[in-house]
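Asker: Each chain, written out:
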Amino acid sequence: MNENTKVYDQKGLRVLIMLESQSATVTWEGHCSPEGSELQLSTFLKNHLAFLKGRSLTVEFRPLEFMSSAFQGPILQFLKSLASNGIKTRVIYSSAMEWQRISYRCMKVLFRAMPQIQFECM
Amino acid sequence: MRHRRALSIPLMGDLLRDMRAVMDDLLANLPKDLRDATNMVAIELVNNAAKYGISVPAAPSATVDLCLGPHTIEVQVKNGAVSAEAVQEVEGRIAKMSSPARCEELYMERLQQMLDDPKETGRLGLFRIGFEGQFHLTSTYQDQVLTVTATRELA
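Here the protein sequences line up with chains D and X, keeping their order.
Note that the first sequence covers residues 1 to 122 in the working numbering.
Note that the second sequence covers residues 1001 to 1155 in the working numbering.
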């Protein structure tokens, strides 16, 4: 880990923000279970939004095994804040997991009016 | 003089870990997508029971029952509930979920509300069970015990 890597690691969920000069990646790993804190996660994401400005961003959900519906709100607000800050973002879901395929389809519909956020399922 | 009492505090993390172990064992021969869906359904229902359930004589603690039959898989969660308003809200949401298409509409509507207003949180899990999990939900309320049953046909 170095100053270009920020980590949220709580109750089985790990979110890594990796910063490069022109780009950044936010990778979600593990289990987003209800035992985790949505508030802590939201705060972590909000606190690091400034680092993402001016970079092209990839949000990588493929290593995420499970997501409790309690975390849908923070994720929606995070993606919305990326769009409102003009951060060009590519969000990647796994085609190998049914729940991720469904999330991909839903997100694509919800964010259709925010072209800065592009969704892929692979 | 010091008086001391000790109580053990059940941890949500332990409960979820135990439940995953039970489910991994019960569902081992099912396809991964179906195991994932059942896992999601159980976690959503158990989380609701842990959050909102209370102890009543007929249900001192909440329970979850998993049943894998030849044609169906069923997750049943029971918890004490004394608020008529809260029970009606759950029953009302389940009653709206009359078809898979309706479950999808309700789920998308709720996501849209949560996207539009950051203060809108929760009340998504039941719709997710119907839409994403493809489980059919029913509920009963008797002796202050709310029973929510999620059932999915096996292909």
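Hint data in this document are derived by calculation from the structure and do not stem from the laboratory.
Do not rely on the hints blindly, as some may be mistaken.
[What the hints assert, rightly or not] Each computed DMTMM-like pair below joins lysine to aspartate or glutamate, with the alpha-carbon atoms no more than 25 Å apart:
#1 X:1051 / X:1091
#2 X:1119 / X:1153
#3 D:11 / X:1024
#4 X:1032 / D:60
#5 D:108 / X:1109
Asker: Tell me the numbers of any earlier hints that the structure contravenes, in ascending order.
Answerer: 2
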